[in-house]
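*Asks:* Sequence:
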Amino acid sequence: MLPEFELLMPRTLSEALEMLAGAGEGMAPIAGGTNLVVDMRGGRHRPSVLVSVAGLEELRGIRREDGHVVIGATTTVAELLEEPLIAEAAPVLWSAARVFANPLVRNRATVGGNLADASPAADTAPPLLVLDAEVQLASKEGSRWVPLDEFFLGVRQTLRQPDELLTAIRFPVPPSGTFGGFYKLGLRKADAISVASVAVMVEVGDDGTCRKARIAMGAVAPKPIRAYEAEKRLEGHVLTPELVA
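Its first residue numbered 32, the sequence shown is counted upward by one per residue in the numbering used here.
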């Protein structure tokens, strides 16, 4: 059963940030609510005021801008699958979206919410980490871009302050010669929380040398993590089965 709470419905992003200013721990933003509502029912999170940002157009959409792919925070996981730009520029993220929960949840869950919830098993986190993504945190005082690898602090802990809202995610468009993939291990084939997940992306030169390697894992530590040492072992070398093993 949900505890009592007040629901605020801002009409613009500016209104939402005004509401969050000086809010403290008793106020929380909500979009899809696929994690927050479950936590509220289970008594793990008890905000007295919810600020709904689901209807704010400023937080929606996927676009290419200045060499980056920019994803609005309230873009749903289902919309990632429908957007050709994601399939073309970030197939590793598209692959993660394809195995995210079930169609009903994908239609509600937002990319920003999945990251802001900071679950170690968040399916969008490893692919966005290997894409060198950043998140935009906005408040009444202004906004800042934070590398996703620095955003996560621990289990359900992030750099976001109570008066800030995660408004967008961006990552550089990978160059040609970039390949990658995402693998998720769950207790069943579909609609499963990750027991472990891994995203890999490598940039390979014409001579087969690995110019750049990115490896990220989920559900194996208190937060989604990069495997920096493994990346270093690949970079500057020709990728062979023996090296990868």
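Hints in this document: simulated from the structure, not taken from any laboratory. Don't take each hint at face value.
What the hints assert, rightly or not - Okay, derived cross-link-like pairs now, DSSO-like style, lysine-lysine, Cα gap no bigger than 30 Å in a straight line: (1) 263 to 243; (2) 254 to 171; (3) 254 to 243.
Values in this document were obtained by computation on a predicted structure and should not be read as measured data.
*Asks:* The structure should be examined with respect to each hint, and the outcome stated for every one.
*Replies:* Results for each hint:
1. 263 to 243: 9 Å, holds
2. 254 to 171: Within the cut-off at roughly 28 Å; holds.
3. 254 to 243: The hint holds at about 23 Å.
The structure shown violates none of the earlier numbered hints.
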